Amino acid sequence: DAGVTQSPTHLIKTRGQQVTLRCSPKSGHDTVSWYQQALGQGPQFIFQYYEEEERQRGNFPDRFSGHQFPNYSSELNVNALLLGDSALYLCASRQTGIGSYNSPLHFGNGTRLTVT
Amino acid sequence: AQSVTQPDIHITVSEGASLELRCNYSYGATPYLFWYVQSPGQGLQLLLKYFSGDTLVQGIKGFEAEFKRSQSSFNLRKPSVHWSDAAEYFCAVGLNYGGSQGNLIFGKGTKLSVKP
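Sequences listed follow chains A and B, in order.
Note that our numbering has the first sequence beginning at 1, numbered continuously upward.
Note that our numbering has the second sequence beginning at 1001, numbered continuously upward.
If you are wondering where the hints come from, they were derived from the structure by calculation, not from laboratory data.
Among the clues, some could well be false.
[Said to hold, decoys possible] Partner residues are not named here, just some residues of chain A that face chain B (Cβ under 7 Å, in silico):
| no. | residue |
| --- | --- |
| 1 | A38 |
| 2 | Q41 |
| 3 | F45 |
| 4 | F60 |
| 5 | G84 |
| 6 | S86 |
| 7 | L90 |
| 8 | T114 |
[Claimed, not checked] Sample of chain A residues with no beta-carbon within 10 Å of chain B, all distances over it, derived:
| no. | residue |
| --- | --- |
| 9 | V4 |
| 10 | E52 |
| 11 | F69 |
| 12 | A87 |
On a predicted model such as this, the values are computed, not experimentally measured, just so you know.
All C-beta atoms, glycine included, are put in the ideal place defined by N, C-alpha and C.
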């Protein structure tokens, strides 16, 4: 049973460029969340997708956008990259619905983004 | 505002010794509480969770945690530490939206080193 998978594992971009990160949720999961983890910090919530719509959003600028596809996979897009966007980007998934209120988040291994 | 505090940035224990990692949270409603572990270059693995009921919860790898509402704490314990437990540990609060899980708020983490 594959867990949460993310691609690519590492990425180097130049300031001002745009980047797309991809995530496939764990089998049976329908809700996908994205977190940013800066070096030496805990993960910070970016947004959550369910039924192909953004349901919750953290305190991140509009440069951060996302998408969820009918197969529940998701993309995170970041425009106009800044040096401060360098971080580990974690995707997490869970099952939502009746009887699954205590379904915890399962995390992928992340994409390490470096902006130069 | 909701927050999670992990007072210890770095802890070193001898192999075989007991361990307690501290976590305090600030949240107005009944919290959902989690401990995750992160090895270098990896994503987050769930150790244990608390949603309701028994305040002492058991997790994987011999870890347990106790929810103390009066102290707003959810400390992680292990009676005998193994060298493989060396990693970074994150405490998190899951926001409670009328019984449904919202996003997680993480502490900054505690790095655990194990001496042989």
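Quick rundown of the hints versus the structure:
no., hint, result
1, A38, "violated (10 Å)"
2, Q41, "holds (6 Å)"
3, F45, "holds (4 Å)"
4, F60, "violated (12 Å)"
5, G84, "violated (17 Å)"
6, S86, "violated (15 Å)"
7, L90, "holds (6 Å)"
8, T114, "violated (14 Å)"
9, V4, "violated (7 Å)"
10, E52, "holds (18 Å)"
11, F69, "holds (21 Å)"
12, A87, "holds (13 Å)"
When held up to the earlier numbered hints, the structure conflicts with 1, 4, 5, 6, 8, 9 and fits the remainder.
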